[in-house]
Structure formats: C-alpha cells, structure tokens
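**Student:** For reference, the chains in residue letters:
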Amino acid sequence: MKLTLRIWRQKNAQDKGGLETHQLDDVSPDMSFLEMLDVLNEDLLEKGTEPIAFDHDCREGICGTCSLMIDGVPHGPDRGTTACQLHMRTFKDGDTLTIEPWRAKAFPVVKDLVVDRTSFDRIIQAGGYVSVNTGGAPDANLIPIPKAEADVAMDAAACIGCGACVAACKNASAMLFVAAKAGHLGHLPQGEVEKKARARAMVHQMDEEGFGACTNTYDCEAACPKEISVEFIAELHRDYRKGLFSGR
Amino acid sequence: MQLESKVPAGPLTEKWDKHRAEMKLVNPANKRKFRVIVVGTGLAGASASASLAELGYDVDAFCYQDSARRAHSIAAQGGINAAKNYPNDGDSVWRLFYDTIKGGDYRSREANVYRLAQVSNHIIDQCTAQGVPFAREYGGLLDNRSFGGAQVSRTFYARGQTGQQLLLGAYQALMRQVHLGKVSIYPRSEMLDVVLENGRAVGIVTRNLMTGEVRSWAADAVVLATGGYGNAFYLSTNAKGCNVTAAYRAYKRGAGFANPCFTQIHPTCIPVSGDHQSKLTLMSESLRNDGRVWVSKTTGDKRAPGDIPDDERDYYLERRYPSFGNLVPRDVASRAAKQVCDEGRGVGSSGLGVYLDFRDSINRVGEDGIRQRYGNLFHMYEKITAENPYQVPMRIYPAVHYTMGGVWVDYNLMTTIPGLYAIGEANFSDHGANRLGASALMQGLADGYFVLPYTIGDYIAQAGPSGAKSTDAAFTDVESEVNERTRKLLTRKGKRTPDSFHKELGKIMWDECGMSRNAEGLKQAIQRIPELREEFWESVRVTGAREELNQTLEKAGRVADFLEFGELMCRDALQREESCGGHFREEFQSEEGEALRDDEKFAHASVWEFKGDGAEPALHKEELEFENVTLTTRSYK
Ligand SMILES: Cc1cc2nc3c(=O)[nH]c(=O)nc-3n(C[C@H](O)[C@H](O)[C@H](O)COP(=O)(O)OP(=O)(O)OC[C@H]3O[C@@H](n4cnc5c(N)ncnc54)[C@H](O)[C@@H]3O)c2cc1C
Ligand code: FES
Chain A
1 MKLTLRIWRQ
11 KNAQDKGGLE
21 THQLDDVSPD
31 MSFLEMLDVL
41 NEDLLEKGTE
51 PIAFDHDCRE
61 GICGTCSLMI
71 DGVPHGPDRG
81 TTACQLHMRT
91 FKDGDTLTIE
101 PWRAKAFPVV
111 KDLVVDRTSF
121 DRIIQAGGYV
131 SVNTGGAPDA
141 NLIPIPKAEA
151 DVAMDAAACI
161 GCGACVAACK
171 NASAMLFVAA
181 KAGHLGHLPQ
191 GEVEKKARAR
201 AMVHQMDEEG
211 FGACTNTYDC
221 EAACPKEISV
231 EFIAELHRDY
241 RKGLFSGR
Chain B
1001 MQLESKVPAG
1011 PLTEKWDKHR
1021 AEMKLVNPAN
1031 KRKFRVIVVG
1041 TGLAGASASA
1051 SLAELGYDVD
1061 AFCYQDSARR
1071 AHSIAAQGGI
1081 NAAKNYPNDG
1091 DSVWRLFYDT
1101 IKGGDYRSRE
1111 ANVYRLAQVS
1121 NHIIDQCTAQ
1131 GVPFAREYGG
1141 LLDNRSFGGA
1151 QVSRTFYARG
1161 QTGQQLLLGA
1171 YQALMRQVHL
1181 GKVSIYPRSE
1191 MLDVVLENGR
1201 AVGIVTRNLM
1211 TGEVRSWAAD
1221 AVVLATGGYG
1231 NAFYLSTNAK
1241 GCNVTAAYRA
1251 YKRGAGFANP
1261 CFTQIHPTCI
1271 PVSGDHQSKL
1281 TLMSESLRND
1291 GRVWVSKTTG
1301 DKRAPGDIPD
1311 DERDYYLERR
1321 YPSFGNLVPR
1331 DVASRAAKQV
1341 CDEGRGVGSS
1351 GLGVYLDFRD
1361 SINRVGEDGI
1371 RQRYGNLFHM
1381 YEKITAENPY
1391 QVPMRIYPAV
1401 HYTMGGVWVD
1411 YNLMTTIPGL
1421 YAIGEANFSD
1431 HGANRLGASA
1441 LMQGLADGYF
1451 VLPYTIGDYI
1461 AQAGPSGAKS
1471 TDAAFTDVES
1481 EVNERTRKLL
1491 TRKGKRTPDS
1501 FHKELGKIMW
1511 DECGMSRNAE
1521 GLKQAIQRIP
1531 ELREEFWESV
1541 RVTGAREELN
1551 QTLEKAGRVA
1561 DFLEFGELMC
1571 RDALQREESC
1581 GGHFREEFQS
1591 EEGEALRDDE
1601 KFAHASVWEF
1611 KGDGAEPALH
1621 KEELEFENVT
1631 LTTRSYK
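The listed protein sequences correspond, in order, to chains A and B.
Residue numbers are given in the numbering used here: position 80 of the first sequence equals residue 80, and the series is strictly consecutive.
In the numbering used here, each number is its position in the second sequence, counted from 1, plus 1000.
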C-alpha cells in the first residue's frame, strides 16, 4: 500500500523543529510500524540523507522504549498496543499519517522523535522500591498472599514505563505511571510497610520534574499499551493524603 | 593465556561454602574507597550494581538504553528456575544441578553449575522480598510450572512477563542506591573499549549517545554484564540494540572468549513474514506445557489445519521422544522442526513452520484457563500474525535466541584479564552447549546478587586500589583509538547502509553456522566474512556527525564488531568436530539423526585468544573434569 508520512524532524533540543513529508509506495500490511520506518530510513540513508531518529529496542511491546505519537494518539490507534507491535494492516492504502514525539515539559525532545524520559527514573529513585538489601530474605512462601491481591499487584506491575500516559494527558501528568508503581508495591505485604512514605516521595518528585496535575480526564488509561486502570490513581490519592497527615 | 579455573578443592557440595569462608574481606569502612564499573543494567548488571553498592562500594553503572529498566532482560517471558521443591515432586539442588549439566550436554563446569543450583532458592526469596509479583495459587503460595528438559515443576513466573518483573525488582534496588548516592547511573552510554594498566583492567571508554562525547572512566575493577550476541545473525529474538561490542573489545584486549559457536536456537518463535523483518518474536517455551507440536504426515499438504484429521497428523515430538514429548530441550525441538520442514512437511506460505496446537488443552481447561496462563502471549501472537490462536493453531519456527558462549571466566567470574569480570549472558560459564529454559534469569541473578559481590571483594582485598586516573596515558591512548575508528566510520561515504551489511552477515551465519553446520559451509563462511568486512570498511555509508545523537553511527559500530566476531564463531564451529547441544555438525550424527558427542576429544571449553587484526586467533582448552556425574548420551526418548 501507499502512504504519506508527515514526520517531526528536530535537529536537537535547541532547534525549533517541524514536520517533513515523505512518500512510501510499497508498504506491506505485515510490517510493523517500526519496520515501515526502517524501510523509510534505509531509503533516506541510501540517498545520503540523515535517517529519522526514533527510540526502540525490544520490538515486542515490553521494554517501553518506543514512543511515537501517531495522528495525535500515543502508540497509534490500536488499543493495548505499543507502536512496535502495531502492524500496518491497521491502516489503509492512501492514508496520511502524522508521526511526532511525546510532548511534555518533563520529556524534552533530544532529536526528531527521541525524547528524554530520565524524569521517570528519578521518580522511582525518590521511593519506588521496597527498601531491602540483598541477602537475609525470608523464605518466599513465608507470607501467603491471596491470589486476587497478587493479581491486582501484577495488573499494576505490567506498566512498561513508556510515558504514553503522559503524552496522552492534556496536563502532561505522570499520575498513572506513579500510581501503577505505587499500586504494584502497595498491594503486596512486602511493599505495604513503606506505602505512605512512598506515595509522598514519588508524587513530590513528579511535581519537581515538571509533570502536570491530574484532573481525572482518564486519557491516560485509554492510551496505556498495558491497559492499566485509573483505579490505581484513586488509590494513590488516598495513600498520598494519608501519607501527608500521618507524616510517615 | 593461562586458563586456571580456580575451582576450590573439596566435595562438590561444599566448595562454595568453603570458598566463601576462605575469601579475603574488604574492611567495611574501606569499601567506599573502591570504585567498581558495571557495564550493563540487565538482571546481571542491575543486581550486581545494587548489591555492590549496598555493601559499600562506589559503583558507576552504564547502559545503552535510555533507562536501566529497559535492558533486554525485560523481554524474558516464561520464568525462572529454582530448586525450592514447593510442589513436592522430588526436586532438589542436586537435581537442578544434574538437569542443567545434562541439558548443557556436559560442556559446562560442574562446580559453577552446582553453585548456581545452590543459590537458586535465595533468588526467589530475594525477589519476593523486593515485591516481585510472582504467580500464586489460590492458597496464596507461589505457583510453579514446567519447562523443557526437566521432569519437575520448578519454574516460577509472573504472567508472561517474568523478565520484566525480575528486572524491575533489580532496577528498583538499583534506583534506591542511586538515591542513596552509592551508584552513579549513566544511561545512553555505550562502552567502546576497556582500559588496562600493567595488565589489570582499570576502566573503560564510553561514548555518550546523546552528545557523542567520548570519555574515560577509571575504577578498581570492571564488570561486563552486557548480555548475549545473538544479533550476529541479524534476525533473532534479541532486542535490536543487543551487541557483542563490549565483550569483543575485551577479547581484543586479551580476555579469552569461550565457545563462541554455542548459540541457542529457540524452537517456538513466530516465523519470518517477509524481507522487511527486523526481528523475531519468541513465543515462550512455557506454551509447550499445553500446546502440542505437529505437522501433516504427508508432504506438501495444503489443507487448513482444522481439516487435517488426527490420524493424518504427525505429533513428531511425542512420537520420537515419548518420555519428554513436547517438553524436550530446545536444541532437540528445533532440530526436529527443521527436519520435518526439510522433508517438505512445513506449514505456512514459506513452508518454514510447524503447528503449536492448543485445541486439546482448550477442550480440557477451557479457553479461559488458557487465557489465564498465556493471555498476553496469545494477544501478542494475534497482533503479529492477525490469526487467532484460540481458533487456529499457532505457526512457529526456530530462531536464534541465546548465546551460551561468552567471555571465559574462572570460578570467581573473573576473565583472563585481572580485575575484569563477566556476568550474566555475557560469560560462558553455566550452560555448556545448550541452556535449559528459565535458567538464564536464574544465572544472571545468581551472578549479580550472590556470587560476584563476594568474589570481587576477594580480588579487591588482595589487589588493592588500582590508582588509575582517567587522565592517564593508558586512557587517552584508548580514547584516541576510539575516536579514530569513529572518524573512519563517518568518512567512508560509500553506498551501502550498515543494516544491509548486517543482513548479509546474518544470512551467512544462519545458513552456515545456524541450526546445523558442516565443514564445507563453515570454511566458505570463514572466507566470505572477511571479504564482506573489507567491503564494509570501503563502502559503508554513515551520515550525520560524531557530536550528536547518531543512530546510524551506533549501528555501524556494532555491525563492524559482528563482522569480526562472526568469523570467530565459524572458526569455533569448524574446529569442534562433534555435535553437542546447540552445535550440530552434520558429519557427526547417528543414523536416526541424533547428535553424536565426542567426549574423548571435546570435553573441554574452547577458548580463543586474540592475536592481532588479520592474524589467526590461538585456541586454548579448558579441560572439563566430571567427578560427580557420568557422561551419558542425552536421551529424552
Ligand atoms: C525474548 C526472550 C525471552 C527470554 N525468556 C527467558 C525466560 O523465560 N527465562 C530465562 O531464564 N531466560 C529467558 N531469556 C534469556 C534471558 O532473558 C537473558 O539471557 C538474560 O536476561 C540476559 O541478562 P543479562 O543481564 O546478562 O543481559 P541483558 O539483560 O541483555 O542486559 C545487557 C545490558 O548491557 C548493556 N549493554 C550492552 N552492550 C553495551 C555496551 N557496549 N555499552 C554499554 N552498555 C551495554 C545493555 O544496555 C543492558 O543494560 C529470554 C531471552 C529473550 C530474548
Ligand atoms: S520497542 Fe520495546 S516496547 Fe516497543
């Protein structure tokens, strides 16, 4: 099939950037979205033009590296799917697609479609862990955990840290990301001990990084490739408030 | 090159404890005076960095991804082994050890494998304490499943995302140490060389992938946790960025490289769909718990799978290997798939595929039962192929997946360069000629949490501070070499893209050094690869500049190393005149097509020493001594 691509090009963080149009004449419906970009890049390189920079690694929807805004939707139109798992059969011959980077103050553009997401790492550094050292852990079966509870923790833990939630949010809030981490650890007895302090530290860091406030529009949930539920946000709000008042 | 395994004396079961008791310790107050560089933040690197920092060392950690959490370990689906024996089905440390040695076709070191089995249980405890959400049963205790090559259920898992959950555990521990100021983390940094002073590893040179800055880092010890080199084949289940660069540069600086030809071809991957294919997707081996593998009994059968009645189907694994059935080890399952496809019984448009059918399990436990177990894998399969595996059988075909070969290390995980360590998939130590499923995650975490933090202390206590500074001549010399190489890549201005060379190399490797190998093909490859390399350096095209994010330059650098390393893999495959594990030499097979091992001549690790560009590398051997197991022909019949 034939496609017209309007792709964001930006030399570096200082550059203003803008959209550039490319034509592709022979796209196979079996290609993944990134393979389609590979074809374009090989083409550009053969002509001596610089290929388009974009982030990717696993191409299996699990590492959270790929980060494309496709027609204004993070990861494109397929629900529960990362850009690397999106296949061209989703689109029609003759379509025009606009491809842009994540847009958020806390995710500055590095080049073309590549952004800097180290702010997410710093949120985890602030408290997104259980404070245990290596060695001396008790037997793993010492504390039984109800399956239903463990399953909820796992639902939250499925977050791949891609940042689609931020890109989808009009306030560029990282609330779903933070809530997913807090929910994952908070639903397990091992993580419960530090639950309130964790909520406080992570939310504080999120604000520091320049992410916006959550106004419950839930665009994040719709964009999340792992379909993480906004219910975790409500839980986080509760823990955060408790954390503020208990001072723990 | 000296290959001293440093395996401690004494009975197998006591070696590790005894060794730990005898190791020199670094005074806790002195630990912070020592700096350790850890390259890689996968399971091995992240667990090592966090544990070393907890002990008090200062750690510099590097990875090429934009976040440590994205290391390739994240992609592991199926699970992690441990000898907990929670299901009470007869598992033990000994049995895990034995299965791993046997599964590796007796080409690994007994003492290392035994230690791996010993610490396996601590890993599960540690990860649970960190909040890894392992799957549980209704009673609230941990659930297990079976993996290939074992007749007990010892695999722990977290839905289909075991790797991601274990990595998040290690990554969080690592982030905690960053917060505490004990680890400095450098994402989007690629190690391009290791630096030696007086024969000791004292640091590395990196390129900052955002700014292009080339920089030196000095330390008292250097750890490579840089993963495997499956991407030598271009198409593999590895992430696109996986590379051999760090390990290969260490080799060129004097580290022995062991068994480079030992690669694992995984039997259950989604078949190639066209020339645009950029990577292959694994369907976890755990699917073989419930899926049955088959092809039609007749060649060229074009009927839809549902139209082929049971008595016209060949469930060839169950037929050939009745006791292990669909759960034979990977090498056996892969070769069997290749055989039926070579006979013209393959499925799908390319004929390079076999069915993995869930019909019977769905009848037994219902669609929901299957969804519970493998939902995300089925979802992924449907995304990629546009076929619904609840209704039609999956089509699968073998693909390159893992590399058992790697940097040679002694019992302490130190390479032949003092002060340079290799852990995780980057080393060669525990899996011999074939790795069992769910054992790589175990090994990465064993090395990082429970082995290296001890053994590195023993070295540091004895060797003392390196005294090296990143401004020393040793560093600036290496920096100049790195810069010169980059300059060369950027000035070729030829016509061909780095990817086109990578694909061509990959095809040579897959055809001649893949699932089956023979002397003639390997000799051809050894001739062809240097020609391709020459062409690369004449006519590769790299656009852009050095001082910026330049993905073409990154790619070209990695391909350049694969173009040298691929040749070493072929040399290794050629000299190993036997079939063992993933290494199948067509000349050495039984009448039924089973592998013929030669323990007389090849019960050793083949370790290669770099002798200069253009010169033939020297081969050394570490004889493997088996005092506790008897070498038998592996039979899964
Ligand atoms: C799809 C898939 C599924 C798998 N499933 C399972 C499973 O179910 N069970 C199991 O046991 N095993 C599984 N494996 C194997 C297992 O995941 C890997 O062997 C293991 O995770 C490797 O861990 P590692 O820490 O050694 O390396 P990796 O996780 O690959 O990490 C390598 C690190 O090194 C860094 N790095 C590499 N080169 C450089 C450089 N030059 N400079 C700087 N940094 C560098 C990377 O950035 C990364 O941080 C699977 C593998 C694949 C591909
Ligand atoms: S590239 Fe890993 S999630 Fe898309």
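Among the hints, a few may not be true.
As the list claims (entries may be wrong) - Away from chain B, derived, C-beta distances all over 10 Å, residues of chain A:
#1 K2
#2 L19
#3 G80
#4 D95
#5 K105
#6 T134
#7 Q190
#8 E208
#9 E209
#10 T215
#11 Y218
As the list claims (entries may be wrong) - In silico PhoX-like links for lysine-lysine, alpha-carbon gap of 20 Å or less:
#12 B:K1031 <-> B:K1469
#13 B:K1018 <-> B:K1252
#14 B:K1018 <-> A:K47
#15 B:K1018 <-> B:K1006
#16 A:K47 <-> B:K1493
#17 B:K1469 <-> B:K1033
Note that these hints are calculated values from the structure, not bench results.
All residues carry an ideal CB built from backbone N, CA and C; glycine is no exception.
**Student:** Hint by hint, say whether it matches the structure.
**Tutor:** Taking the hints in turn, this is what the structure says about them:
Residue-level check passed: A:K2 sits 16 Å from the nearest beta carbon of chain B, beyond 10 Å. Listed as a non-interface residue, A:L19 keeps its Cβ farther than 10 Å from every Cβ of chain B; the least gap is roughly 19 Å. Non-interface status of A:G80 relative to chain B is broken: a Cβ of that chain comes within 10 Å, the nearest being about 8 Å off. Interface exclusion of A:D95 from chain B stands, the closest Cβ pair being 18 Å apart, more than 10 Å.
Under the 10 Å C-beta cut-off, the non-interface status given to A:K105 relative to chain B holds; the minimum distance is some 17 Å. Annotated as non-interface, A:T134 brings its C-beta within 10 Å of a C-beta of chain B; the closest such distance is 4 Å. Separation of A:Q190 from chain B is inadequate, the least Cβ-Cβ distance of about 5 Å not exceeding the 10 Å criterion. Distance to chain B confirms A:E208 as a non-interface residue, since its nearest Cβ pair spans about 13 Å, more than 10 Å.
Its beta-carbon lying about 14 Å from the closest one in chain B, A:E209 satisfies the requirement of being farther than 10 Å from that chain. A:T215, annotated as away from the interface, keeps every beta carbon of chain B farther than 10 Å; the closest lies near 27 Å. Against the 10 Å criterion, A:Y218 stays outside the reach of chain B, whose nearest CB is about 22 Å from its own CB. Distance hint between B:K1031 and B:K1469 is fulfilled; the C-alpha atoms sit about 18 Å from each other, no more than 20 Å.
For the hint pairing B:K1018 with B:K1252, the CA-to-CA distance comes to about 35 Å; that exceeds 20 Å, so the pair is violated. Using a Cα cut-off of 20 Å, the hinted pair B:K1018 and A:K47 is violated, with the two alpha carbons roughly 63 Å apart. Note on B:K1018 and B:K1006: the hinted pairing holds, with a Cα-Cα distance of about 13 Å set against a maximum of 20 Å. At roughly 11 Å between alpha-carbon atoms, A:K47 and B:K1493 fall within 20 Å of each other, so this suggested pair holds.
Pair hint B:K1469 plus B:K1033 holds up; C-alpha atoms about 14 Å apart against a cutoff of 20 Å.
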